[in-house]
Amino acid sequence: GDSVTQMEGPVTLSEEAFLTINCTYTATGYPSLFWYVQYPGEGLQLLLKATKADDKGSNKGFEATYRKETTSFHLEKGSVQVSDSAVYFCALMLSNFGNEKLTFGTGTRLTIIP
Amino acid sequence: DAGVTQSPTHLIKTRGQQVTLRCSPKSGHDTVSWYQQALGQGPQFIFQYYEEEERQRGNFPDRFSGHQFPNYSSELNVNALLLGDSALYLCASSLAAGGRYTQYFGPGTRLTVL
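Residue numbers (the working numbering), protein chains in the order written: chain A, 13 to 126; chain B, 47 to 160.
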């Protein structure tokens, strides 16, 4: 079945450090890929998405590129801030009408220290 | 523009009881999906409603049921509660016909079963 594998956490970085959170996927078709972020005590917020191979999603300084050849969608940010501390989820969705469930990874907890 | 809203915020029940959770989708959205997020895990898909019918279902028992109303709002019902049903229940809405099916999440309802 479809699945998402995320980098094991937790991840702790100093402010202004470079961030990479790895995400790979297995899917029977051609999925859309997403990164969601969850702040403490809150629901999920869409961070960025990509719907086809070689697309780059970006938002708030975060970027991720859809790599079909390596089935990956790694999240990166050049300089993290304390406010980026949260849990990050990679997810996929097969883009077929009527089959729109999101399949999530287990999440990566990120803590940024000043 | 109102986002996805859920009620109640928190709920405490005892084993064997029944619970109803409610969700109002983002304005203009017609599809509602429900997810269960156990502590420290990624969300798991329960089911999705479109045009007042269950369109897709994840690997959850029949104790989990739902409904969608003509105004697109939705309810999740869980009967015969078990301790293992304790989780954050997330509702997500989307527009079936556009946006490449991006789902937007509400803040969730935290259910505790004692």
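Be careful, since some hints might not be right.
Estimated spans, in silico, between C-beta atoms of each pair [what the hints assert, rightly or not]:
no., chain 1, residue 1, chain 2, residue 2, range
1, A, E81, B, H56, 25 to 35 Å
2, B, P116, A, V23, 38 to 48 Å
3, A, T32, B, A84, 38 to 48 Å
4, B, L160, A, D66, 28 to 38 Å
5, B, P54, A, Q57, 18 to 28 Å
6, A, D66, B, H113, 25 to 35 Å
7, A, K64, B, G104, 38 to 48 Å
Residues of chain A clear of chain B, computed beta-carbon distances all greater than 10 Å [unchecked claim]:
no., residue
8, V23
9, E28
10, F46
11, Y48
12, E75
13, F101
Just so you know, the hints here were simulated from the structure itself, not pulled from any lab data. These numbers come from a predicted model, not from an experiment. Every residue, glycine too, gets a C-beta built ideally from N, C-alpha and C.
Status of each hint after checking the structure:
no.: 1; hint: A/E81 / B/H56: 25 to 35 Å; verdict: violated, 45 Å
no.: 2; hint: B/P116 / A/V23: 38 to 48 Å; verdict: holds, 45 Å
no.: 3; hint: A/T32 / B/A84: 38 to 48 Å; verdict: violated, 27 Å
no.: 4; hint: B/L160 / A/D66: 28 to 38 Å; verdict: violated, 50 Å
no.: 5; hint: B/P54 / A/Q57: 18 to 28 Å; verdict: holds, 21 Å
no.: 6; hint: A/D66 / B/H113: 25 to 35 Å; verdict: violated, 41 Å
no.: 7; hint: A/K64 / B/G104: 38 to 48 Å; verdict: violated, 25 Å
no.: 8; hint: V23; verdict: holds, 15 Å
no.: 9; hint: E28; verdict: holds, 28 Å
no.: 10; hint: F46; verdict: violated, 8 Å
no.: 11; hint: Y48; verdict: violated, 7 Å
no.: 12; hint: E75; verdict: holds, 18 Å
no.: 13; hint: F101; verdict: violated, 6 Å
Checked against the numbered hints above, the structure breaks hints 1, 3, 4, 6, 7, 10, 11, 13 and satisfies the rest.
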